[in-house]
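Quick note, the sequences are listed as chains F and S, same order.
Just so you know, the working numbering puts 184 at position 184 of the first sequence, and the rest follows in order with no gaps.
Just so you know, the working numbering puts 1137 at position 137 of the second sequence, and the rest follows in order with no gaps.
Among the hints, erroneous ones may be present.
In silico contact screen, one side only, chain S against chain F (beta carbon under 7 Å); selected entries [claimed, not checked]:
hint, residue
1, I1016
2, I1028
3, I1030
4, T1035
5, G1044
6, I1055
7, I1076
8, V1078
9, L1087
10, Q1156
11, D1168
12, L1170
13, L1174
14, E1183
15, T1190
Among the chain F residues that face chain S by a calculated CB cut under 7 Å, a handful are [said to hold, decoys possible]:
hint, residue
16, F23
17, V24
18, A32
19, L38
20, I40
21, A55
22, Q68
23, P69
24, L83
25, L90
26, A91
27, P94
28, V110
29, D112
30, Y172
Calculated from the model, a selection of chain S residues having no Cβ within reach of chain F, i.e. all distances over 12 Å [unchecked claim]:
hint, residue
31, A1069
32, A1075
33, S1116
34, F1117
35, S1119
36, D1120
37, N1124
38, S1125
39, L1126
40, A1127
FYI, nobody ran anything at the bench for these hints, they're computed from the structure.
The beta-carbon is built from N, C-alpha and C at its ideal position, and this holds for glycine as well.
Here is how the chains run, residue by residue.
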Amino acid sequence: MSTPVLRRVVRRETHSPRTVATFVAVILLIVALVYIGLEIVLSLAAQPALLLGPAAAGGWLIGLPTAQPAGLVIAGSAVLALLGVIFVWLAVTPGRLSKHILEAGDRAVVVDNGVIASALGQHLSEETGLARENITVGVGHRSVDVTVRPGAGIPLDKSMVQSAAELELETYRLTRSVRTRVRIDRPDAKEDEL
Amino acid sequence: MNTTNRALNRTLLLIIGLLFLGLGTVGIAIMSWPTATDIWTSAGDDTRSWLDQAIAASAIAGGNLSWIAVGAVAAILVVVVLLILALTSIAGRRSKTVFRSSGAQNPLGRVTVTESFVSDAVKNSLATRDEILSTQVTANDIRHRPVLHVAVTPRQNTDPRELVDHLDRLLTNLAALTGRETETYVSIHTGLRARLAHDQRRLS
């Protein structure tokens, strides 16, 4: 992944373009502007307003602090502010997608986290001898969480699972190093008694 | 890869977000903070009287029509048109290009490789591998350079490194065959198809 072109491709493929959020925001703004424009045009043409003419809307806005029910106005404002916070948050955060980059010489390789998780789960299943459905792997940007359910009475060394997972992840040659966390999930005594 | 203008996306999102946040905050403030209520009411009255005077002063031919209202409609129209134009850019188009690569001249002539040849070659080579559910090969134009995109969906539990190494050998051999190394981007996907497909390979 040595060339600027491939770096650009990888950057674009591993980060969200925020298309849906922008689409929603722009459509909301267009609808609001079209409504305001329509009310002004109807007022200019001396036609009855759709909801509230410009003069009445101005009066309503000035008298908003005394508008009833106040709770509804506050709730509406809070929803608008929350929507604004969400849009601003989406605009400024990187929006990393659930993908990892693999080292591959001159080529750029991007792999879904789900592919890594299922491959690692399969490998750990083969290493530990446990059924595949008893191993859950979650792959994030910086960490890999492995949960193993060996069942009652089956001995399993946590450090062995940890080292097996780390060794396998090394063979994948991810460009970003990840921290591996292993959890051995054994059924508690009460369940055993049942 | 598509040509979505991501900077425009985020700029629009930021501007509209700040607008909504500002309006919402003002709404909450004037309802719950007496000082803000007073400022709002007095500013509203001042604006209304200024607007009434401005509308009266800009009346068209002494009628009910005002240049200010006409200007407001025109401004809204311009902003709406600009937003619609931005929407078309947001949607983005695929940066697909017609891949055509010509090798060096040799005594027998020149070999020209097209996208469909590369696509078929890669797909056919991968078709023999049972752990691969689907392959898609496209050529994209990125900064005026052709970039091959090989998208692969393997079965669940497939080792991604093995798959990448295999694809790397395949693409290296293809480059040797065609006489030209093209920048290549490989994406390995999971999805509904991978989840629904049996994770065990067929034994034949």
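Run the C-beta distances from N1124/S to all of chain F and say if the shortest one exceeds 12 Å.
20 Å, holds
Classify the hint on E1183/S as holds or violated, based on whether any CB of chain F lies nearer than 7 Å to its CB.
6 Å, holds
Can you verify the interface hint for L83/F: is its Cβ closer than 7 Å to any Cβ in chain S?
This interface hint holds because 5 Å falls under the 7 Å limit.
Does the claim that S1125/S lies off the interface hold, with its Cβ farther than 12 Å from every Cβ of chain F?
16 Å, holds
Holds or violated: the hint that I1055/S contacts chain F, with Cβ atoms closer than 7 Å.
10 Å, violated
Hint check: is the beta carbon of G1044/S less than 7 Å from a beta carbon of chain F?
Given a least distance of 3 Å, the restraint on G1044/S holds.
Should the interface hint for T1035/S be scored as holding, given a Cβ-Cβ cut-off of 7 Å against chain F?
11 Å, violated
Please verify that hint: I1028/S, Cβ, nearest Cβ of chain F, below 7 Å or not.
Status holds, d = 5 Å.
Can T1190/S be said to touch chain F, with a Cβ gap under 7 Å?
With a minimum Cβ separation of about 3 Å from chain F (threshold 7 Å), the hint on T1190/S holds.
Do the numbers back the hint for L1087/S, that is, is its least Cβ distance to chain F under 7 Å?
6 Å, holds
Tell me if A32/F is really an interface residue toward chain S, meaning its C-beta lies closer than 7 Å to one of theirs.
Not OK, violated: A32/F not within 7 Å of chain S, min 10 Å.
The hint names Y172/F as touching chain S; please verify it with the least Cβ-Cβ distance against 7 Å.
With a closest approach of 5 Å, the Y172/F hint holds.
Hints 4, 6, 8, 12, 13, 17, 18, 19, 21, 22, 23, 27, 31 and 32 from the earlier list are contradicted by this structure; the remaining hints agree with it.
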